[in-house]
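Colleague: Sequence:
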Amino acid sequence: MIKVGGTSSVLSEKLGRLLLHNRLITEDQLQKALSIQKKEGGRLGSILVRSRWLDEQALATVLGQQHGLPLVDLANTQIDPALAKLIPLEILKKHCIFPVKRRGTLLSVAIADPTNVFAVDDIAFMTGYTVEPLLATESAILEKIRQHGGDGGRAALSEQGTGKPASIEAKDYTLNQQDVAPDNVGSDGLEMISVEDFDTVVGDALDTVNVIEESPDENILKGVEAPIIKLVNGILVNGIKVGASDIHVEPFEASLRVRLRMDGVMKTVMALPIKIKSAVISRLKIMAKLDITERRLPQDGRIKLKLGKGREIDFRVSTVPCLFGEKVVLRILDKSNLQLDLTHLGFDREDLARLQEALGMPYGMIVVTGPTGSGKTTTLYSALSTLNTQDVNIMTAEDPVEYNIQGINQVQMKEDIGLNFASAMRAFLRQDPDVIMVGEIRDHETAEIAVKAALTGHMVLSTLHTNDAPGTVNRLLDMDIAPFLVASSLVLIVAQRLVRRLCTQCRVVSPIRPDILLKAGFREEETKSLVLYQAKGCDACNKTGFKGRVALYETLPMRESLRALVLRNTSSEEIKKHAVALGMRTLRRSGLEKVKTGITTLEEVLENTAPDEG
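Adding 7 to a residue's 1-based position in the sequence shown gives its number in our numbering.
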């Protein structure tokens, strides 16, 4: 038995055995490398390459087989120079990664260490894109970083592929041309609003909607003038009215840019003069009860607004120090728009039946997987709502608690005082729970407690970051959970993605060549009578052609034959093939079915799902 210690030892052991099996190294070389790793740390593969016992390309090939990731030849891949500016240079070097291409909201990133899940999460959070990891050799990635090194601090691609920086029409309370002085243009080319025009910009919004702070305190308003207060309230109201999910307030050298994320796409709506940057950001921090004197560290807070009678809106606020000041991102949490009916989320009949069957079981673990921003939390909340009755004790550990749901005991994680997912789970087991929801399984300790809870009479729901449903099994095994525990505890895995929903008022028929349809995954008999639609744009959808989003789902129930494969430590590819043979509908197939019914476009599905093999 190869032994180093902890989760890394298990990963090293698996890699070492694969290399031995492929006769790429000898047993003696492996033991020497493990000894070096034990003394000095580092990755086993890097040690073998550095010691010249293993070819770097061969290592990448084996890692690709182990983790089910495709290889990319960076030396022969043309890369847009602007991609290098999407991620700061220090982050590229820290994680040894490099962006390769972008398709819509999907960003493909070359990575040398496929076990570095933090790199993928960091890039997804930093860029707002769905990140697809690809494998490349370490030397090839470092060479690309060297070639494109330099300005890594500006997200140059933030607007590429989404059309021109689109302002919402004047009726949505953004700028008309007459509101902007012709010479009032920043170095980034964006027109800026003068201070005198605040009332023109947001007046209509505040006249039609009654915005009231939950606990107004006159003392905290000192130093922030009325026009700034009105402007900030107008920005928040505008984001709500147009259905945005996030508001980004970003300081640059010559302007303060405001962008909205609508249906997953970022749109610039205004640029403010840089002289009011501090006042606007201070106002937002005051509303979120943050420390306005602390500008060097990230902070998190919450804003609660009341709109009219009986409608409350929460904003989850995050600040981070950037080159020209603090960037503020507000996640809009509108409970009135929260869809907690499983039948309206996008499940087809068979997938919904599988989920309802799993929720009806007395114990076991249901895992929802997908990238950041794919709607996992909404799916979990919807599942919990079906279980939320007076005779069921439901407890959740969340970071953060996005929506407060009546009847569910929700606990907010606080890492700074030691309240994390693992400690919360241990406490829950002493609280006589029937159902436990843990926001995310991030480490071995949390995974182990969740699995054991699922095997001792509790229904456990959680999330993971994997590319598809079968990959969840390998992720849990990589976290050093024994195969028999994984096989026994899992009852259902759900993978999901979000795609934009076509506006039904303006969509138009779009003829597409049969060979393209076949390549996308449609069957030949389907192409003969297929009618596809594309986006056009109208007043109802703000000229985008899309209105709202819908989820694509891939459900994998753990049948006995699949449990046997898990016990044999079978690869995710084999598990996927067997699951498809048993009737699992892949994410790509789920998307194609929604294309057939006119819910979304073929382009949306191709950009957000991987092709089915075979």
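There may be inaccurate statements among the hints.
[Stated by the list, open to error] Derived SDA-like pairs (lysine to any residue); straight-line CA-CA distance at most 20 Å: (1) K21 / H451; (2) K101 / E409; (3) K248 / R268; (4) K46 / G71; (5) K334 / E97; (6) K603 / S517; (7) K334 / D129; (8) K342 / Y370; (9) K237 / V249; (10) K459 / L492; (11) K100 / G75; (12) K248 / D129; (13) K21 / L492; (14) K535 / I523; (15) K526 / K550.
[Stated by the list, open to error] Simulated restraints on C-beta separations: (16) G48 / A547: 53 to 59 Å; (17) L359 / D398: 19 to 25 Å; (18) P305 / V538: 54 to 60 Å; (19) Q346 / E531: 23 to 29 Å; (20) S343 / M133: 29 to 35 Å.
No lab work stands behind these hints: they were computed from the structure. Since this is a predicted model, take the numbers as computed values, not measurements. Each residue gets a CB set at the ideal place from its N, CA and C atoms; glycine is no exception.
Colleague: Hints first: check each against the structure and report whether it holds.
Modeller: Here is how each hint holds up against the structure:
no.: 1; hint: K21 / H451; in the structure: 17 Å, holds
no.: 2; hint: K101 / E409; in the structure: 31 Å, violated
no.: 3; hint: K248 / R268; in the structure: 13 Å, holds
no.: 4; hint: K46 / G71; in the structure: 27 Å, violated
no.: 5; hint: K334 / E97; in the structure: 19 Å, holds
no.: 6; hint: K603 / S517; in the structure: 12 Å, holds
no.: 7; hint: K334 / D129; in the structure: 16 Å, holds
no.: 8; hint: K342 / Y370; in the structure: 29 Å, violated
no.: 9; hint: K237 / V249; in the structure: 18 Å, holds
no.: 10; hint: K459 / L492; in the structure: 8 Å, holds
no.: 11; hint: K100 / G75; in the structure: 24 Å, violated
no.: 12; hint: K248 / D129; in the structure: 30 Å, violated
no.: 13; hint: K21 / L492; in the structure: 18 Å, holds
no.: 14; hint: K535 / I523; in the structure: 13 Å, holds
no.: 15; hint: K526 / K550; in the structure: 30 Å, violated
no.: 16; hint: G48 / A547: 53 to 59 Å; in the structure: 57 Å, holds
no.: 17; hint: L359 / D398: 19 to 25 Å; in the structure: 24 Å, holds
no.: 18; hint: P305 / V538: 54 to 60 Å; in the structure: 49 Å, violated
no.: 19; hint: Q346 / E531: 23 to 29 Å; in the structure: 36 Å, violated
no.: 20; hint: S343 / M133: 29 to 35 Å; in the structure: 30 Å, holds
Checked against the numbered hints listed earlier, the structure breaks hints 2, 4, 8, 11, 12, 15, 18 and 19; every other hint is satisfied.
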